[in-house]
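Chains as they are written, first to last, in our numbering: chain A, 45 to 347; chain B, 45 to 347; chain C, 45 to 347; chain D, 45 to 347.
Check each hint, because a few of them may be wrong.
Identical copies carry no separate label here, and so any pair may be met within one copy or between two of them.
SDA-like cross-link-like pairs, simulated, lysine to any residue; straight-line CA separation at most 20 Å [unchecked claim]:
#	residue 1	residue 2
1	Lys175	His195
2	Lys312	Gly343
3	Lys263	Gly343
4	Lys202	Glu74
Read the hints as simulated data drawn from the structure, not as lab findings.
Protein chains: 4
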Amino acid sequence: MSDILDSLKRVFEEVTQEADWGQPAQYIPELAEVDPAQLAISVCTADGKTHSAGLSDKLFSIQSISKIFSLIAALGRAGDQLWTRVGCEPSGTSFDSIVLLESERGQPRNPFVNAGAIVTTDALLSGREPKMALAEILGLVRAMAEDDNIHINADVAKSEQRTGERNKALAHYLASYGNLLNPPDLTLGTYFHQCAIEMTTVQLARAGRTLARIDGAPKIVSAHHARRLNALMMTCGHYDGSGDFAFKVGLPGKSGVGGGLLVIVPGKASIAIWSPGLNAYGNSKAGTRVAAMLSQSMGWSIF
Amino acid sequence: MSDILDSLKRVFEEVTQEADWGQPAQYIPELAEVDPAQLAISVCTADGKTHSAGLSDKLFSIQSISKIFSLIAALGRAGDQLWTRVGCEPSGTSFDSIVLLESERGQPRNPFVNAGAIVTTDALLSGREPKMALAEILGLVRAMAEDDNIHINADVAKSEQRTGERNKALAHYLASYGNLLNPPDLTLGTYFHQCAIEMTTVQLARAGRTLARIDGAPKIVSAHHARRLNALMMTCGHYDGSGDFAFKVGLPGKSGVGGGLLVIVPGKASIAIWSPGLNAYGNSKAGTRVAAMLSQSMGWSIF
Amino acid sequence: MSDILDSLKRVFEEVTQEADWGQPAQYIPELAEVDPAQLAISVCTADGKTHSAGLSDKLFSIQSISKIFSLIAALGRAGDQLWTRVGCEPSGTSFDSIVLLESERGQPRNPFVNAGAIVTTDALLSGREPKMALAEILGLVRAMAEDDNIHINADVAKSEQRTGERNKALAHYLASYGNLLNPPDLTLGTYFHQCAIEMTTVQLARAGRTLARIDGAPKIVSAHHARRLNALMMTCGHYDGSGDFAFKVGLPGKSGVGGGLLVIVPGKASIAIWSPGLNAYGNSKAGTRVAAMLSQSMGWSIF
Amino acid sequence: MSDILDSLKRVFEEVTQEADWGQPAQYIPELAEVDPAQLAISVCTADGKTHSAGLSDKLFSIQSISKIFSLIAALGRAGDQLWTRVGCEPSGTSFDSIVLLESERGQPRNPFVNAGAIVTTDALLSGREPKMALAEILGLVRAMAEDDNIHINADVAKSEQRTGERNKALAHYLASYGNLLNPPDLTLGTYFHQCAIEMTTVQLARAGRTLARIDGAPKIVSAHHARRLNALMMTCGHYDGSGDFAFKVGLPGKSGVGGGLLVIVPGKASIAIWSPGLNAYGNSKAGTRVAAMLSQSMGWSIF
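Let's have the full structure, built from the sequences with the hints guiding it.
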């Protein structure tokens, strides 16, 4: 085990010197046009400090990382009844697969595959105006990060809305099984906007402190619920690459297609990483590497 | 958090007073005829002590828990090359499903579904006589438990061999993709025998100390490998109930259809539980409950 | 073999005396509220005559039988290029399954499962206003039936549009693979309206004469194309009940969820049957029985 | 329509002048080493004559075409009860897929996919010695062909037995669902031997006369059963290429991986073709082409 500042510096240097950054997500122009050779790392430690390396004040699209926040908000509203509509098992399939949904009659495997996140957002929406639900998610993220300067990028949301045919298919499919309580367009509109929240790694790492249950973190989620959310991130946080992440990093985490990665070190730290080039599972390539290296050098694996 | 002796006593009493034990596995007479209303718990703690409650000197068939031991042995023999033949991702399907095997062209998802365990045993066998491989597994288990009085129940092995049509199908299927290097009958024979190892909860808990990396545990697996094995148990240890176990217990574990359950508390303890009645996923019903209660009362969740 | 009039009378009496009519489709009120104990049969024979029994002047919703007409129209417009967008193989799955679509990357198995019919309608639409495509289908049906009094029931179309979540999912899913060239809403609107065409069995039997290639039938489809359409009806006309229909009836046919059934006797006759109660595959229960009995008593099996 | 002798000559010449013969099956040496550039055609017509072109006296391995004969024999023994163990629907999957077997709990889709043929052979075996069942199949083939000089190639059978891991997997899988009544090895042994029957195209065309119900054919199968067998060949005779065959040839047929093809023209002719190079579905490439051309030039499509 070593000092976090040393580790951070060493890992950052080693990874930025590598040539292999992966490809950014191609499905919307806002993500596709980003230079993949970028890296930001921020770590909030138990002593209340935040350490960063690289472009830690650069805003990026958190995309699927927002599924954590909408899940927390939806559990606050629907309680454990949410688990009658969505499971908590790894799916063994890719993030946008519709296959299991048919054999399981409209109940998504977990809240982190797209279908499950759409159900979660639907539970949060619960008959209200989309902007009310979005205000609730944004309010939660801001409170967790203790930073009011967190916003939704409307252009990104609009691009998703224009191109998200697969997500529209999932929403209508869920509706066909009666597992969508709001009109599909409203739920999807909310979902596309929550994915378009922009944060810096500093903000995201700070928002993760509650889940890491470190001192000074806002008391928003009970320790009991934080543990369960971390468990979910461990088994389902990286789609069909979740086992690999658990194996190599040994920490709960959630990735987004924008290249963001939130990694929780229970009781010890909250780590946010951003690097927009992706690996074969659709997770940040350099980000996953950074997480593995930091975990190893700091002795942070929970196993 | 409380004292382990208090917790153990309280959990044992609460669970044994429950009427709902579940049904033992029905597919072979040796398992089917067991009275489900039985419970044993043993816990090895970091101070080198072993605490037990219930029938902790009763032998039971470890079944799929043996997959941990054959995996350790196979990794010792084949090294990381084993991962070219079997993955490390949760499957999202039941323990004996053959479906994914077709779409993934003969590469099982992980070493804990039956197909993956058969490949693991095949890698361990590697052209030798089955009895050599079995001696190696038994030797490993005995060394980990520091107890030479651990044996294979030949009747149980014979029963499995007689009735294991699904496993035979898996083996020939793997062979059809060239992912079995020994004759299917030899690999299966070895596999059926390793599943028929009998242990008490005391022996099993002691064998788990190495994975828990607690003081005094035999140095058989490096800390690095132990962490990876624990990660695998977390994401894949309970088939399509793995997410639920992570969610409710928050610890890596591996179950067997004989009602056994090995649970690892990294750095702190190794827990073995036995209760032969099963839940819907084929895992010990009372055992899973004991694990969740102990984890909660001791504050042992790794999340 | 016997006389068609005798056969018709005998079959009609035997089937109407049966109590077991099945249940009408429940998903839209217009179909659900229909009394299942109704039967109409019309047969156009090679001598140019049309014989009927039962409610042969009653209008019913042709539903999926419309897929034949939209396919003929789309082939007229797109030619054999249509087969690059949709296959001609039986699917082995139910009419609205989305599973194969994922493994085959957005190319539906055949034009008679819903996904395939949506692609077909999309090819027919080809950038035009939906009402233009609908006029083309209606014009084709009227020409084939030589009867201008055939219309679309707007209420049924509206009901489908309101409840067709599964079809919306299929359309967006096809779009996500680039296999929908028009906006999903426009293609679906056209599709829902074509399904809402209403006909009597007399009109439908007359519309089938072209496919039966009997004297006096309008020359709308070449003998070569008629043969291929009949082959498609044989292998794919009844979803996952196609094999059973081929086995028991021995004739190409296409069913609709409204209880209609068009059966072709190549070179000899065109049969339309309507009875709104359905069997387990979603095909007319009494209708299938009538088809089997008529085929047998007339010696009409093509095998 | 034209004269059969002219057609036969023209088709033979056109196809043999083509360079594209496809690849023979590679999984056993007996099939793999055959020169693909070979063609034999024999046609038995309603006037009792047999016309041939090419290597019509050359023996080839009938492989899956034997499934027709074992089905006829099994239906003779088990009657319609066989249909409780195997379905009559196209599978939409390849000949040796195990996937559907899991979702349908051990009941194969139809008797022409490998799993279904193994069940059929098992029903025929019904507790007897394999050689008894094989004698029954051989006896049936000889009676249908009116030729006693038809035998099993023991080398081919032995090769299949050595390499048939996928079929062994299917057999054990069926056994795991209780859908195999004999020991898997006995049923498989019988199955591998029936596939190794050798015939010339003359013999095979003559054996098909009963199904074509042409004058002079041995009365072995009732017209009712012949029709049903033809229907099965139409919907399921070419695995996941059945729809394509129906579409292009318009006749019931059954292919074998040895390059054989039996095509039935109900009431008119029985056609046997052999050319060992295969297309993507595992059916004879030149053979399929010959069938399509003959059907078209003779006007033999049943549609």
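query: 20 Å Cα cut-off: does Lys175 pair with His195 within a copy, between copies, both or neither?
result: within (13 Å within a copy, 43 Å between copies)
query: With identical chains treated as interchangeable, where does the CA-CA distance between Lys312 and Gly343 reach 20 Å or less: within a copy, between copies, both, or neither?
result: Both. Shortest intra-copy (11 Å) and inter-copy (16 Å) distances satisfy the 20 Å Cα cut-off.
message: Checking an output row: Lys263 and Gly343, CA cutoff 20 Å. Within, between, both or neither?
response: Between copies only: 19 Å across, 27 Å inside.
task: At 20 Å max between alpha carbons, let me know whether Lys202 reaches Glu74 within a copy, between copies, both or neither.
output: within (10 Å within a copy, 38 Å between copies)
Hint compliance for this structure: every hint is met.
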